[in-house]
Amino acid sequence: MGARDLNITAPAPGPGPATALGLYVHVPFCATKCPYCDFNTYARIEDLIPDYVGALGNEIATWGAALGRPSLATVFYGGGTPSYLPPDQFMRLAHCVEAAFRVMPGAEITVEANPDDCSPAKLASLLDAGANRISIGVQSLDDTLLRRLGRRHDSKQALGAVREARAAGFDNLSVDLMFGLPHQSQATWESTVHQVLESAPDHVSMYALTIEPATPFAALVQAQELPEPDPDRAADMYEFACEAMESAGFRHYEISNWAKPGRASRHNLIYWRNSYYLGVGPGAHSFLPGVRFADLKSPREYVRRAGSLTPELANGVSWVEAAPDVVRALEAAGVIGSSERISRSLEMAETMMMGLRLDQGVGNAQFQARFGQNLAETYPSEIADLTRLGLLEQDAEGLRLTTRGRLLGNEVFGRFVMTAQPA
Amino acid sequence: MDSIRIRNFCIIAHIDHGKSTLADRLLEVTGAVPARQMTEQVLDSMDLERERGITIKAQAVRLPYTAVDGQQYEFNLIDTPGHVDFSYEVSRSLAACEGALLVVDATQGVQAQTLANVYMALEHDLILIPIVNKIDMIAAEPKRVADELTSAFGFRDDEVIFGSAKTGQGVEQILEAIVKRIPPPRGNPASPLRALIFDSKYDSYKGVIAYVRVVDGQVKTNDRIRMMSGGADAEVLEVGYFSPKPVSLPGLGSGSVGYLATGMKSVRECRVGDTITLHKDPAKESLRPYRPLKPMVYTGLYPAEGDDYASLRDALGKLQLNDAALTYEPETSAALGFGFRCGFLGLLHLDIVQERLEREYGLNLITTAPSVRYRVTLTNGKDVEVDNPAKMPDPGEIARIFEPWVDLTVITPGKFIGAVMELVTSRRGEFVKMEYLQAATSGSTTSGGVAEGGRVLLEYRLPMSEILVDFHDQLKSGTQGYASMDYQLAEPREAALVKLEILVNGDPLDALSLICHRDDAYWQGRELVSKLKDLIPRQMFEVPLQATIGSRIVARETIRAMRKNVLAKCYGGDVSRKRKLLEKQAEGKKRMKKVGSVDVPQEAFMAVLKLDRGNR
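Chains as they are written, first to last, in our numbering: chain U, 454 to 876; chain X, 1491 to 2106.
For the record, the hints were derived by calculation from the structure and aren't laboratory data. Ideal Cβ placement from N, Cα and C applies to all residues, glycine included. Warning: the hint list may mix true and false statements.
Using C-beta positions, here's what the derived DEER-type ranges look like [to be verified]: (1) U/S792 - X/A1800: 38 to 46 Å; (2) X/K2074 - U/P714: 57 to 65 Å; (3) U/P488 - X/D1804: 24 to 32 Å; (4) X/K2100 - U/A653: 55 to 63 Å; (5) X/E1795 - U/I498: 45 to 53 Å; (6) X/D1804 - U/I498: 54 to 62 Å; (7) U/A496 - X/L2099: 33 to 41 Å; (8) U/S644 - X/G1852: 56 to 64 Å; (9) U/S771 - X/K2079: 41 to 49 Å.
If you want a taste of the chain U side facing chain X, the calculated C-beta under 10 Å gives, among others [what the hints assert, rightly or not]: (10) G475; (11) Y691; (12) L749; (13) V770; (14) L799; (15) L861.
Start from the sequences and build out the full structure, keeping to the hints where you can.
Encoded structure:
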């Protein structure tokens, strides 16, 4: 405990120092806060936007400089509501990213958008700023449910947004849906899925509603004013979606995600493959070799602290070598609010917990290359038990969830997580 | 002091009727010490007391009293445990006295336990001084309560003293009554020593402290003594009395009350009720036939965390040093692992022990349903005793089962007779008799009060097993809290009993087995499996729950297989939080008990305590 410097775990041979990073850019502003949402987002702090973009730009510049302008394979503007930013502010941000990092040719640059923001002019400005993928928060096409979810749009606006985004020139378009909602019927859900398929997205994410602690929905459930989510009904909806999406030519490449060939979210794949990414903005999470960390959560405090960072150039070392010093400096400056050392066994467990979410699962070769040991020999009893329960299947390539296992993923992930030793 | 001026007495009172306050007042008025100062002094002298080796509460206090006749008297006030579970201890305390103050709350009247203790005092030929206490309270009905005392116990009107221990009213009168009405102790100073142990406590410095009433002879420091029934010998390290601080003496003589420090290691060697005599000049006969305490209620105690088994064993061992009635022996359950089958005098005793294990020893326990001890005659003619339902022989081997019964006394306002009757008959009870403690028409003016419709004494006989679980709560709730109850062991009876077993996914859940009457097996089985269905979380597979008698299934439920348990959203990069969520889920599962391949949470084992009789 005392010799902190000696206590740094050597990072596991990760995806390799040459690997490009993913960058997540957090936009914590929303016109209104939805009652189910527990993300670090806020309504009615619009006065902060100009200073916020300045401070965020400064954090981006600091990272870029200190890591020696590393390559980015993906950029993801999430939130919050990135589409809620005025076009000039969004453009400022995009310029900061391009100046601080080497955005690779053909990099995936996603922006999250709410249907009510999708005017032709706004969409054009996003494309202008370099975005080439849009993720639209449709959530549902049932107007009653949309109101209950506290959304600002109706189904007509939602489908209109998809059309407008196509017309504006987004050729990589994703739609977010929610299911297992209070008072949602199977029929409503089926109709939503059909209509979304008719709108011909390239990618669909479908999330079962989770009641997060300390949200208005949690309070309503507690007060018995909202029914608790029924996992059986959610399972019925999920199973319907799996069939409908498959017949429409989508690949079910992750538990909650479907894509047309070649349209899987490359940014999210970085998370699921447990590769390295940098998150900037209040509450944004990062994973660099041997360490996970997150920026402090308060946007106002963030503006103060990130705004006073001074970007310093790295002296010729690779970003992997430079990273520990930068993390320490940002922790000292109070921009990073929390961090966790990731031991080798934890990294293995997290690789399993995230990788098994993918239809490809965790590959023997990849595991061997990353950790220098055999997957089957690392987790013999876990694999045996979970295979016997019909939740996992194993072949020469590797290990993946069965169809049943996809709905019972936590039972699988929990077993691997419990094997990890802390750093 | 000449034994002619010694008065040995105790106080009989229901909980909260004012026993402690009256005792404090007696201490104060006799000049021992003012009550408040006494507490302070005891605290201040804690270190000194430790050095002296006596750190425990006075069980008998000596009070010097100068009576109106100008004579100096020695009063010995002996404490009595207040609950029926400890009735044997009560009877030993009574046996050490010649008289008792019977204290009844003027706002409450006579309670069932008071009644039981009064009868016990009468059996020991004690002189009773009836006192109506708390007459200063607004809700007091002194006349009505005095009527109850005269009609229930046959006191004369002029015997009853009215007073208030709080204000001191009536205390002088009580002190004089002690002198005048209670006879001095009888005994022979010249005979070999015979001293009755009415309480004993373990002290880590001086070993077991025996609280004794010397009947014949005398005992001195350094005497070698012998327990007449237990057979153990010890040396008297110290002799003395409490006032309320310990005062050591060279010796105790015939008629006197005090303590002996014995250096013994456990109260089991120096049991309440045994007679002490001298090693070199032993008495021929003990004072009274000694009856060892026998547990009446049994339960399995298991550590919720298997690692705590050794801690539980050590804790039980320590409790037993000071609790001769507690028994325990190792037991294993397929579901709960290693634990102990523990025997208690009654439910209160069980509660006290359980609470002390949890509070003082920091143990997290799973308690199985309490059981009585059955006597089983096997078809091969042998008799066995069974205190654990899981150990009940197969029905084919059983010729007859006898279960313990109790005589139950209930005192309740008349308007609740119906509710009490219904409760008792639903528990296989038999009505014995009913008596009005006070006429329904007597002049009470309290509207809707306790006495509406008069107060009634009800006597029943019922199987002891029927009062083990939630009977007292039901009695209280059915009578708006007014009824009080008491019970005594009665003759066992043969009964048509069966063992109800619970199968989870085909595997018996031994800790939930119970013995019940054949007629109750169906609804109890139904209730149990339906409770379990709610308490056991869904598993990876369908889990049938069955209640069976032998090979016959009497109730069945099915827990459907879990279909969905997966974090929907796993992006936004907050992997640490998701991981911790999964860890929490997995750890919750680890804390559950395995029954076959089914994970059963701890609460499920308590299901049997919460059966809803409304669903019969």
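Consistency of the hints with the structure:
A hinted range of 38 to 46 Å holds for the C-beta pair U/S792 and X/A1800, which are about 39 Å apart. Here the CB-CB span from X/K2074 to U/P714 is close to 38 Å, at odds with the stated 57 to 65 Å. As the Cβ distance of U/P488 to X/D1804 is approximately 52 Å, the hint placing it in 24 to 32 Å is violated. At about 56 Å, the CB distance of X/K2100 to U/A653 agrees with the hint of 55 to 63 Å.
About 47 Å separates the C-beta atoms of X/E1795 and U/I498, a value consistent with the hinted range of 45 to 53 Å. A beta carbon spacing of about 59 Å between X/D1804 and U/I498 agrees with the range 54 to 62 Å that was offered as a hint. Taking the beta carbon of each, U/A496 and X/L2099 are about 49 Å apart, not inside 33 to 41 Å as hinted. The beta-carbon spacing between U/S644 and X/G1852, approximately 57 Å, falls within the hinted interval of 56 to 64 Å.
Range check, U/S771 to X/K2079: Cβ separation about 43 Å, and the 41 to 49 Å hint holds. A cut of 10 Å between beta carbons decides the hint on U/G475: the least distance to chain X is about 9 Å, and the hint holds. About 7 Å separates the beta-carbon of U/Y691 from the nearest beta-carbon of chain X, less than 10 Å, and the hint is met. About 14 Å separates the beta-carbon of U/L749 from the nearest beta-carbon of chain X, more than 10 Å, and the hint is not met.
Annotation: U/V770 was flagged as interfacial toward chain X, and the flag is violated, the nearest CB pair being 25 Å apart, outside 10 Å. Checking U/L799 against chain X by beta carbon gives a least distance of about 8 Å; that is within 10 Å, so the hint holds. With its C-beta approaching chain X no nearer than about 5 Å, U/L861 sits inside the 10 Å limit, and its interface hint holds.
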